[in-house]
Amino acid sequence: MRTLVWYRGKDLRVADHAPLRDAAAAGEVVPLFVLDPYFFAPERARELPHRMQFLLESLTALAANLEHLGSRLIIVPGRAVDLIPRLARAFRVDRVVAQRWCEPFARERDRRVAAACKLELFEGETLAPPGSLRTGAGTPYGVFTPFSRAFYGNVSPAAPLSAPRKLPPVPPDVLAALGRGGVPRATAPPTLADLGITRNPALQPGGERAARARLKAFLAGPAPRYPELRDRMDLPGTSRLSADLKFGTLSIRTVWHAAADALSGDARTRYLGELLWREFAHHTLWDRPTLLEQPFRPDFVGFPWRDDATLWDAWTSGHTGYPVIDAAARQLLGEGFVHNRARMITASFLTKHLLISFRRGEAHYMKWLTDGDWAQNDAGWQWSAGCGCDAQPYFRVFNPVTQGERFDPEGAYVRRWVPELARVPTRWLHAPWTAPPLELAAAGLRLGKAGSYPAPIVDHATARARFLALAKAHLGAARR
DNA sequence: TGAAATGTTGGGGCG
DNA sequence: ACGCCCCAACATTTC
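Each residue of the first sequence is one higher than the one before, starting from 2 at the first, in this note's numbering.
Derived from the structure by calculation, the hints contain no laboratory data. Be careful, since some hints might not be right.
Unchecked claim - Result set (DSBU-like, lysine-lysine): computed pairs, CA atoms no more than 30 Å apart in a straight line: (1) Lys217 x Lys450; (2) Lys167 x Lys217; (3) Lys167 x Lys119.
The structure displayed is predicted, hence computed values, not measured ones.
Generate the whole structure from the sequences, applying the supplied hints.
Next comes the structure, spelled out in structure tokens:
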């Protein structure tokens, strides 16, 4: 039995990789990665610089790991829907195996490939197969808590598979087929330079080894104090594994079991709960493939969002005059990561204070997040905007000042990302416009003046009242 | 996995 | 001593 193991960018590992293990148990293994020109062209890749960097590092690490096991990752350019069936024939494989994706566009891709060759999909992106959890009425869950109860009642995630100890070499006739008869020549993993991207040293390093080190550091470090540290934007209290789960440098089962074994009590419950929110987002997108175009709550269709270039530029560049909002904006651009608390605050601000559509925020985050994942990012934005599954009610409007005071109490997060404010005393840091003029002068600030820090672009109380009135009118009207 | 407005209670200053 | 006011602290309601 000869198996083509089709790696597709969300499973970049050798440990707990069900398709790889299955292929190895069955005989000859041909690991493959396809460089789709849609993504791996400079003009497109530059749109996704952070994820591209993490992906390429992880891909290079995967190639090294497979080589270490005696195999080899074959990397070829082309469009998967055409290329995979062609390669399956040219390589004379008996079947193609891959890890299932949840996104609607990925399901369509897999449907087309499966129509042209024998494709077997394995679970691995989620703990339970998407679509497997149903309410008593047989419908998908729309609320997190019952989903979570159903998960605990019906699912006990299997232990992760270890990496194969050894893999068979790629058969010589497969290697000989490369570059002949319409089969592309194999290439090395592209470099960032090939794609015209400057390496960002502030990003997390990719690859399976770095991912394991992060998991270990979290469990040995802040994890036991997760309940008290998780909301702190200024402290490294979270696991920071989101990019690893997105690209599969760690499997979700590996993280689940490691955390379940290492933690106890509230820390265990809370952390596993966060993994279940991820699970919920993936299942939800599987069951409702239209979510990427349509809000979950129909009464939000046609919501009168506004477009304002000035406000948009201020929000994306980190010059709104609200320190926490600006810190989040600059952290996103700077290191491709934003603390979840900061994501919620800034998403609330964009949609409710600035009245700009969550879709624009969602797209901006998809562009810059290293961990940018369709299911997760869309669920988060719809939740924040108030239109998603189990979303917060529309009238919950975060106050960026009090949120900053509560979850960045010393101001270290703001000072790190908004250096103009570094010398403002903590007492006024989250609302510098309330500081006495003498204090501002002493901190070297000329609020609202060119070259200094801006005055708030909207007044919180005014913007809050405006959103509440608008939402009440629109959502009320939509119900009628 | 909010915030603000409104309501209630109780202590202390004061006439 | 007593009622009145003020207001902090806490609870409840509303958006």
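Verification of the hints:
Taking the CA atoms of Lys217 and Lys450, the gap is about 46 Å. The hint is violated against a cut of 30 Å. The straight-line distance between the Cα atoms of Lys167 and Lys217 is roughly 25 Å, inside the 30 Å bound, and the hint therefore holds. Using a Cα cut-off of 30 Å, the hinted pair Lys167 and Lys119 holds, with the two alpha carbons roughly 25 Å apart.
Consistency with the previously given hints fails for number 1 only.
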